[in-house]
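Novice: If you're matching them up, the sequences are chains Y and D in order. According to our numbering, the stretch in the first sequence is residues 1 to 849, in order. According to our numbering, the stretch in the second sequence is residues 1 to 200, in order.
One or more hints might be untrue.
What the hints assert, rightly or not - Calculated pairs, SDA-like style, for lysine to any residue (alpha carbon to alpha carbon, straight line, at most 20 Å): (1) D:41 <-> Y:750; (2) D:41 <-> Y:343; (3) Y:808 <-> D:120; (4) Y:30 <-> D:119; (5) Y:575 <-> D:121; (6) Y:30 <-> D:129; (7) Y:767 <-> D:185; (8) Y:767 <-> D:46; (9) Y:206 <-> D:120; (10) D:50 <-> Y:790; (11) D:50 <-> Y:343; (12) D:50 <-> Y:65; (13) Y:206 <-> D:50; (14) D:50 <-> Y:795; (15) D:117 <-> Y:65; (16) Y:773 <-> Y:847; (17) Y:30 <-> D:102; (18) Y:30 <-> D:41; (19) Y:48 <-> D:149; (20) Y:771 <-> Y:750; (21) D:50 <-> Y:69; (22) Y:773 <-> Y:808; (23) Y:30 <-> Y:568; (24) Y:767 <-> D:40; (25) D:200 <-> Y:767; (26) D:117 <-> Y:814; (27) Y:73 <-> Y:93; (28) Y:69 <-> D:119; (29) Y:30 <-> D:127.
Said to hold, decoys possible - Covered stretches of chain D, as calculated for chain Y (at least 3 residues, CB under 8 Å): (30) 17 to 30; (31) 38 to 44; (32) 92 to 103; (33) 154 to 164.
Calculated directly from the structure, the hints in this document are not laboratory data. Note that this is a predicted model, so its numbers are computed, not measured. Don't be surprised by glycine CBs; every beta carbon is placed ideally from N, CA and C.
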Amino acid sequence: MALQHAKGADEWIPTMCDMCYNMCGILVRKEEGLAVEIKGNPDHPNNKGKLCGKAYAGLMGLYNPYRVKTPLKRTNPDKGIGVDPRWKEIGWDEALDTVAERLKKIREDDPRKLIMFTWERYNGRFFHNFCHAFGTANVATGPSHVHCGNNRHPIDFTYHASFRESVDFRLCNYFLLVGSQLGTALDTRATAAMAGIADARARGMKMVVVDPRYTDAAKIADEWVPIRPGTDAAFTLSLLNLLLNYLHVYDAPYLKLYTNSPYLVMPDGSYMREPESEKPLVWDSGEGKAKPFDATDIKDYLLEGSVVVAGTECKPAFQHLKDHVRPYTPEKASQITTVPAATIRRIAQEIGEAAQIGSTMTMDGVELPLRPFAVSWHKGSSAHKHAMLTGISLKLLSVVLGALDVPGGVLSMPSLFGPITSPGVGKDGLMIPTGNWRGGSGSLYPVRKIRRPETIDLKELFPFRFSGTAFDIMVLTNPKAYGLSYEPEMAIICRTNVMVNAGSPQEVAEALKKVPFIVTISTELDETAEFADIVFPDTHYLEGLSFFSDESVQAGGPGVFWFTLLQPVVDPPFKPPFKMQHGADVLIELAHRAGFTDKYNSLLNVTMNLKDPYKLDPSVRCSVEDVSDRRAKSMFGEERGLDWFRKHGLLKQDKTVKQAYHRIFHNARVPVYFEQFLRAKEEIAKVCEDLKIEMDLSDFQPLPDWKPCPPYQESLPEFDLFCINFKVYNHTFGMTASNPWLNELADQRRTYDIWIHAEAARRRGIKDGGKIKLETSYGFVGEGTAKVTEAIHPEVIGVPGVFGQWAKGRPTALGKGIHSSSLLRRGLDTIDFVSGALDHCVKVKISPA
Amino acid sequence: MARFGMVIDTGRCVGCDACTLACKMQNGTPPGVLLSRVLEKEEGTYPQVKRTYLPILCFHCDAPPCVRACPSNALSKRPDGVVEVDKDRCCGVKACMAACPYDALHFYEDQEGYFGKNLTPIERYYYARHRPGTILKCDFCSERLMRGVSPACVEACPVSCRYFGDVEDPTSQVSQLVKKGARPVLPEAGTNPSVYYLFK
């Protein structure tokens with residue numbers, strides 16, 4: 001019954017998966033002109049021939065009959081949720097010229113009036129450069145990132161100069177996972193982590209999962225530690241307190257050389273600096289005097305106690321940290337988190353032992369510290385009001401144990417330490433992102449210049465937020481109120497369904513209605529396309545082309561770097577008047593028709609690192625294919641152009657020890673103390689005061705705390721359960737909800753059901769599989785199916801994914817439980833103004849429906 | 001002759017359904033038919049709770065009740081241990097479905113496709129190999145076995161929790177694992193399955 005292979009039909013095309021963001025290598029088999037079979041590419045170092053289930057279902061998306069196959073024009077001027085746009089099919093030239101004419105006018109008037117939301121993983125640079133060439137900085141990965149880890153990327157930039165971290169599962173012996181489902185088909189480099197964790201567990205790595213819900217990751221762990229939502233920081237700060245103040249376990253040599261722990265801090269919270277050079281001072285306890293942090297003759301750095309410098313009493317930053325975490329006793333943390341104090345004590349002890357402080361190993365003749373302990377987290381610890389402080393407290397566990405970028409610990413995703421660039425050092429001695437992340441988009445250091453907002457995501461005002469936050473929609477609703485001197489006139493939206501993912505659809509609809517003209521590039525008519533004036537058909541990833549887009553998802557640790565090609569397996573089901581191998585080709589054509597190809601090409605020359613003789617001629621319209629070929633040749637020479645990659649799929653380069661574990665090979669320090677937050681807070685407050693806008697800046701503090709998130713302020717007693725939102729392994733956000741294979745699987749596995757604890761269900765007369773009603777105190781009412789279980793915190797109910805969608809163009813996705821984003825709301829009390837995260841935790845009332 | 005069998009390590013399984021969907025694609029099954037799937041079980045009370053995944057497929061029993069139940073001799077146990085259905089002989093009376101204690105047989109009714117009556121190009125390609133009104137079941141991906149490749153579910157598992165081989169060869173990995181304690185589920189059904197599980 002399995003596939004009968006016709007003679008000569010064994011044509012396997014190497015390309016990449018795009019069913020989530022992890023960019024696994026795949027091989028696709030064609031038969032009778034159809035893509036019929038997908039398997040993991042065994043040669044691809046990312047996933048080594050393995051895939052998650054979603055990868056296979058990509059074929060159903062490719063042949064989805066609801067694909068957009070021709071440009072569409074809206075004929076109904078009214079816009080709203082559920083309002084029929086009354087689409088009219090139009091020709092490519094009409095659609096392109098309509099949009100290009102508007103682009104021309106806007107560009108002449110004020111280019112900032114163009115905004116773009118895109119969550120394009122592969123050819124993102126074409127999208128961002130389009131905007132920059134046009135003259136607008138209003139381009140974001142999309143406000144749908146409120147579902148991503150808003151505290152993640154800034155912290156990864158700060159501590160690893162890298163977009164994302166990666167755990168060294170080859171050597172890690174103790175893995176603490178908080179608010180994430182790594183080890184299942186979820187989170188970053190999921191497929192690799194599944195195999196990595198399974199193998200590590202088999203050789204004895206202990207895994208502890210902290211989560212309000214017994215996740216699939218908890219299933220494979222040694223221990224599940226249920227925790228009250230939004231209290232991860234209290235748990236973590238208590239662990240830090242035990243390690244630093246009771247167990248006295250910390251990596252002092254590491255803290256002295258590679259962190260700002262020895263920097264002297266004055267009572268006002270700022271560094272004591274050398275007057276002439278403004279360099280932060282440390283105390284050389286060998287000589288008994290203060291010296292600049294980078295002095296080369298320091299005998300020993302003071303980490304603890306206090307000293308008087310120039311008449312002012314100062315303490316090393318590390319002493320401040322120790323003092324700051326002291327109130328977080330296990331008993332106090334237990335009251336907040338419901339985790340027993342004895343459990344917190346035991347885990348602190350286990351972590352301290354697991355880190356093996358002082359141990360080393362030799363690799364290729366180089367002696368390296370060995371710290372086989374890792375802590376990781378994602379959305380569960382991030383989608384909260386106090387996200388950044390929580391993230392910092394989690395990261396500090398690795399920092400005090402010296403377990404960063406050394407064997408066994410948490411590692412950079414090493415694109416920045418790979419063939420491209422190396423880390424930078426700021427003037428205070430702290431690590432700064434370089435290379436592709438130069439400009440420090442959201443790093444916690446250095447502080448980007450703070451000034452009056454010019455962009456709808458307030459990047460000028462909030463220097464530590466990464467692209468895609470709760471801000472965009474909030475500002476778009478009333479740009480003038482946030483100090484913007486213009487109102488957006490056109491939005492281009494591609495590969496992000498903001499109506500479904502960016503929080504309350506009512507809020508998003510109100511914001512989108514403020515933009516007079518919306519263009520989407522879409523594979524399906526989703527909820528966001530329903531707000532469009534012009535829709536262009538988009539390619540599916542099996543029709544797409546992109547070269548070396550996986551530079552930011554490389555594995556940490558030893559092994560190889562890889563350079564992969566996403567290439568078309570089949571042609572798209574439409575024929576524009578230009579060669580289209582990606583949605584970005586529409587942008588290239590629009591730039592051409594709107595007359596800014598020269599600027600666009602010049603920018604692509606820089607950001608794609610094109611070298612002579614492969615630079616684009618500014619006057620000649622390019623294509624995704626053309627640029628990809630030039631990029632490959634710029635990197636690898638004339639023989640390794642696109643044709644070579646089409647045939648071979650990928651190229652590998654060995655890593656050196658330094659590239660695998662870079663910590664001891666450079667002197668860039670990482671922070672345990674955030675002096676820059678204090679300065680940033682003052683500057684932001686000043687701009688806010690000038691503009692008379694109210695923001696909550698209380699989390700800009702140099703050391704982390706636990707603070708209650710909004711549900712803890714809920715005063716109505718009948719709203720008595722914490723409602724959390726969690727990701728599911730068999731869908732990628734709401735994106736794949738229209739895929740029928742994944743939908744069938746989700747139905748079979750009861751993925752769409754709402755988790756409720758057995759006792760909470762019994763008290764309310766709710767039966768397993770029965771319908772329930774869910775209400776918030778601010779008016780949301782929804783219905784779903786109950787999954788009654790012992791495997792969730794008794795005070796919590798869990799609403800999965802982003803389902804309950806409503807677009808007529810995605811019929812498979814209709815009627816799948818509660819739309820979780822509808823529970824969210826933007827406000828001073830729900831947004832983390834440091835990271836831009838939106839709190840996903842609310843108090844709800846549950847009853848049988 | 002080899003007798004094929006499988007061992008599944010439930011301790012490693014994360015319930016990710018890569019097997020389920022690799023099987024779906026390999027066998028091109030229509031809506032409602034999952035020849036390989038994952039069951040889950042919850043035990044204990046909060047917070048001492050444990051969930052277990054049980055990936056299931058046809059167990060290719062040594063004493064297959066489906067073969068005995070089939071009035072048209074469409075089902076057979078091959079010498080290599082695979083229980084297969086001859087779709088040309090199957091007349092769709094579903095006696096096998098009732099007889100199987102493991103719910104491993106499925107009926108293909110020639111119903112609508114995933115998007116209604118009009119099949120997509122890939123559905124036309126997939127479903128052409130099935131005959132309406134007959135039984136669909138796992139055959140350990142016999143076409144792959146003939147090419148010397150493991151069944152799709154085995155190759156697909158991202159955590160490598162499935163082992164496949166000759167259960168009659170005492171040196172094979174599957175035999176070794178059976179010796180180490182891998183056991184079938186519902187042994188009381190007396191069907192002597194060729195699929196075994198390691199429970200942690």
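Novice: Please go over all the hints and tell whether each is borne out by the structure.
Specialist: Hint by hint, here is what the structure shows:
Simply put, residue 41 (chain D) and residue 750 (chain Y) have alpha-carbon atoms about 13 Å apart, close enough for the 20 Å limit, and the pair holds. Using a Cα cut-off of 20 Å, the hinted pair residue 41 (chain D) and residue 343 (chain Y) is violated, with the two alpha carbons roughly 26 Å apart. Taking the CA atoms of residue 808 (chain Y) and residue 120 (chain D), the gap is about 19 Å. The hint holds against a cut of 20 Å. For the hint pairing residue 30 (chain Y) with residue 119 (chain D), the CA-to-CA distance comes to about 19 Å; that is within 20 Å, so the pair holds.
For the hint pairing residue 575 (chain Y) with residue 121 (chain D), the CA-to-CA distance comes to about 19 Å; that is within 20 Å, so the pair holds. In summary, the hint linking residue 30 (chain Y) to residue 129 (chain D) is supported, as the alpha carbons are separated by about 17 Å, within the 20 Å threshold. Between residue 767 (chain Y) and residue 185 (chain D) the alpha-carbon distance is near 29 Å, which puts this suggested pair outside the 20 Å criterion. Taking the CA atoms of residue 767 (chain Y) and residue 46 (chain D), the gap is about 18 Å. The hint holds against a cut of 20 Å.
Distance check on the hinted pair: residue 206 (chain Y) and residue 120 (chain D) sit about 47 Å apart at the alpha-carbon level, beyond 20 Å; violated. Taken as a hint, the residue 50 (chain D) and residue 790 (chain Y) pair is honoured in the structure, with Cα atoms around 9 Å apart against an allowance of 20 Å. Taken as a hint, the residue 50 (chain D) and residue 343 (chain Y) pair is honoured in the structure, with Cα atoms around 18 Å apart against an allowance of 20 Å. Between residue 50 (chain D) and residue 65 (chain Y), the direct Cα distance comes to roughly 42 Å. Violation of the 20 Å bound is thereby established for this hinted pair.
Restraint check: the Cα-Cα separation between residue 206 (chain Y) and residue 50 (chain D) comes to about 17 Å, which is no more than 20 Å; the hinted pair holds. Only pairs whose Cα atoms come within 20 Å are accepted, and residue 50 (chain D) paired with residue 795 (chain Y) is accepted, the gap being roughly 19 Å. Restraint check for residue 117 (chain D) and residue 65 (chain Y): satisfied, since their Cα atoms lie roughly 12 Å apart, inside the 20 Å limit. The hinted pair formed by residue 773 (chain Y) and residue 847 (chain Y) meets the criterion: a straight-line CA distance of about 5 Å does not exceed 20 Å.
For the suggested pair residue 30 (chain Y) and residue 102 (chain D), the alpha carbons sit about 35 Å apart, so the restraint of at most 20 Å is broken. Taking the CA atoms of residue 30 (chain Y) and residue 41 (chain D), the gap is near 39 Å; set against the 20 Å cutoff, the hint is violated. Simply put, residue 48 (chain Y) and residue 149 (chain D) have alpha-carbon atoms about 17 Å apart, close enough for the 20 Å limit, and the pair holds. The suggested pairing of residue 771 (chain Y) with residue 750 (chain Y) holds, with an alpha-carbon distance near 13 Å, which does not exceed 20 Å.
A hinted pair counts as satisfied when its Cα atoms are at most 20 Å apart, and residue 50 (chain D) with residue 69 (chain Y) does not qualify at roughly 48 Å. With a C-alpha separation of about 24 Å, the suggested pair residue 773 (chain Y) and residue 808 (chain Y) falls outside the 20 Å cut-off, and the hint is violated. At roughly 12 Å between alpha-carbon atoms, residue 30 (chain Y) and residue 568 (chain Y) fall within 20 Å of each other, so this suggested pair holds. Distance restraint check for residue 767 (chain Y) and residue 40 (chain D): the Cα-Cα separation of roughly 19 Å lies within the 20 Å cut-off, and the hinted pair is therefore satisfied.
Distance check on the hinted pair: residue 200 (chain D) and residue 767 (chain Y) sit about 31 Å apart at the alpha-carbon level, beyond 20 Å; violated. Between the alpha carbons of residue 117 (chain D) and residue 814 (chain Y) the distance comes to roughly 19 Å, so the proposed pair stays at or under 20 Å and holds. As the CA atoms of residue 73 (chain Y) and residue 93 (chain Y) are separated by approximately 12 Å, the hinted pair is consistent with the 20 Å bound. At roughly 18 Å between alpha-carbon atoms, residue 69 (chain Y) and residue 119 (chain D) fall within 20 Å of each other, so this suggested pair holds.
About 17 Å separates the Cα atoms of residue 30 (chain Y) and residue 127 (chain D), which keeps this hinted pair within 20 Å; it holds. For the stretch 17 to 30 of chain D, the assignment as covered by chain Y holds, since 11 residues bring a beta-carbon within under 8 Å of that chain's beta-carbons and 3 suffice. Using a Cβ-Cβ cut-off of 8 Å, 4 residues of the stretch 38 to 44 of chain D lie near chain Y, which meets the minimum of three, so the contact claim holds. With 0 residues having a Cβ less than 8 Å from any Cβ of chain Y, the stretch 92 to 103 of chain D misses the three-residue criterion, and the hint is violated.
Coverage of the stretch 154 to 164 of chain D by chain Y holds. Counting CB-CB distances below 8 Å, 7 residues qualify, and the rule asks for three or more.
Violated hints for the displayed structure, listed by number in ascending order: 2, 7, 9, 12, 17, 18, 21, 22, 25 and 32.
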